[in-house]
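The listed protein sequences derive, respectively, from chains Y and D. Each step along the first sequence adds one to the number in the numbering used here, with nothing skipped, and position 197 is 208. Each step along the second sequence adds one to the number in the numbering used here, with nothing skipped, and position 15 is 16.
Careful, some of the hints might be misleading.
Chain Y stretches covered by chain D per the calculated footprint, using a threshold of three residues with CB under 8 angstroms from any CB of chain D [unchecked claim]:
id : region
1  : 12-26
2  : 32-40
3  : 162-174
4  : 196-205
If we take Cβ atoms under 10 angstroms as the criterion, some of the chain D residues that face chain Y in the derived model are [unchecked claim]:
id : residue
5  : C77
6  : E96
7  : P99
8  : A103
9  : Y104
10 : S114
No wet-lab data here; the hints were simulated from the structure. The beta carbon of each residue, even a glycine, is placed where N, CA and C say it ideally should be.
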Amino acid sequence: MWVEKYRPRTMAEMVGNEEARIAVSLWLRDWKPGKKAMLLVGPPGTGKTTLVGLLAKESGTSMVDLNASDVRTKERLERRIGEAMRTVDLFGGRSLVFLDEVDGLLGRSDYGGVEFIKDAVKATKNPIIMAANDQDADEIRKLASSCVTVRFRPPPPREVEMYLRRIAAAEGREVGGGEELRSIVTRSGGDLRHAVNLLQSGGTAGSSFKEVSPSVSQGINAFFDAPDAASALAALRTLHLSPVEKVRLLHTCVLKAGLPPADLAAALEVVSRADLIMGEIGATNEWRMLRYLDGLLANELAPIVRGRGKYVSEDLPFPLLLRIWNDSKKVRELSARYAAHASTSAASARSQDLPFLFALCASAPFRESLERALDLDETYEKFLVKEAGR
Amino acid sequence: MKKVLVGGWFTLPRLSREDFSLLMRQGVKYDREMGFRIEPETDLESAVRTIRSAVGEEVSLVLRCFVCGRDACDGCPYLETCDRTKVSSMCLCGEHSPETDAYPLYVKAASESLAG
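Make a model of the complete structure from these sequences and hints.
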């Protein structure tokens, strides 16, 4: 994908947030113990995580990074990064500690994480950079008081156009007078990733940008009608949806496709794996895993649903949605409790351990002991029995 | 219309104590000699609101060209659609517009700035 192919390799190659990049770079250069931590705030996709990775690489500093929304408790933060904050290497070399998505530490699930960070930034021997998406959250404001805050914003349209022109030139794409390109820039709303994907989708399907911007319904129908994996892949890449929206919409369309039970189960299995990829990306910020998402859907989902589904605009029936929400909530809660019990992450518990636990719950004694160990109330009994029966 | 160059010094008529402290809280820098300046950490939307109410006229933010430092908004084809309170603070002027293959110049300017 072009977003990966043209990912900036140096801080200078990034686009937008010029003053912010300089401020962060100078902050690290002048950092010494006692200096404030740095807090980067701004919407997703504005380059906060990319910048920190490149900053560590270019300054030759090793980096200890952690997605804070994955580790919320004080004890687990201490275990994962406490040492890294307090120690330097044998030769006095420092590590850059990066806590991404600190918004995830906040709110009702906060088990002392914010206090841990506030204390840590005062005592650390290593520079700490934090990143948050929601600058207006009260807790972020409190955190900001003990940090140097730098705001990240989407790049202005002219810079987005410059970046797209550079890619188009490298790919041999003709952009002519630039009206179509300007249309992409405006539609992208400053989201470089989206803009590059829009540019590439034009390139994938050939001809002009206007002709290759089908509606979502056309794109989904093309996916269901695709004769082979390559056509299914091309159809997916014309969809102007975020990956999460794409998976969600395909889930709805598959459910409403009227497939026989065995095929429906197989199709949902693929959608579920796509959802796991999204979850993994959310937890690790490894956006390059996105390259596998469309491939998975085109190679494994398209053959199952070929010629048997179409775009459905309406949402799922409310009772079904309610059931899905309730089950998802139960899975989330169960994962969190099991994770705390087994000293693993909620994401690992959900993807790796829960399927086995559910299978073992076919045994009533095991189920009861699990309920006791995780302090589950009676509402879980029915849920576990249902899951065990699958 | 009050034009404010983002990242450049600008002056304002004498402000009330409340408006002044509000601007400071919103991250606007003040220097007795030079005046006011929008910084990377400035809460732009709020600061523009404060300035607008203080001077009693509309405020138009003007971005600077990252390559040469000139007014980047003059003649920009995106002027109508670009919300300058929401985008990052530097851009490209007509001379260094995307049509002129500005990316190598842009990267060079960034390298120099980052090298300090």
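Against the structure, the hints:
Chain D is given as covering the region 12-26 of chain Y, and this holds because 6 residues of the stretch bring a CB closer than 8 angstroms to a CB of that chain, at least three being needed. Counting residues of the region 32-40 of chain Y whose CB lies closer than 8 angstroms to any CB of chain D gives 6, which reaches the minimum of 3, so the coverage claim holds. Coverage of the region 162-174 of chain Y by chain D holds. Counting CB-CB distances below 8 angstroms, 12 residues qualify, and the rule asks for three or more. Check result for the region 196-205 of chain Y against chain D: holds, 3 residues qualifying (beta carbon to beta carbon below 8 angstroms, three or more required).
Given hint, D:C77 at the interface with chain Y, holds; its Cβ is 6 angstroms from that chain's nearest Cβ, closer than 10 angstroms. A hinted interface residue such as D:E96 counts as satisfied when its beta carbon comes closer than 10 angstroms to some beta carbon of chain Y; here the least separation is about 12 angstroms, so the hint is violated. Contact between D:P99 and chain Y, as hinted, is supported at the beta carbon level, the nearest pair being about 4 angstroms apart and thus within 10 angstroms. A hinted interface residue such as D:A103 counts as satisfied when its beta carbon comes closer than 10 angstroms to some beta carbon of chain Y; here the least separation is about 5 angstroms, so the hint holds.
Taking 10 angstroms as the C-beta cut-off, the interface hint given for D:Y104 holds, the closest approach to chain Y being about 4 angstroms. Given the 10 angstroms rule on beta carbons, the hint for D:S114 holds: about 5 angstroms separates it from the nearest Cβ of chain Y.
In summary, the one numbered hint that this structure violates is 6.
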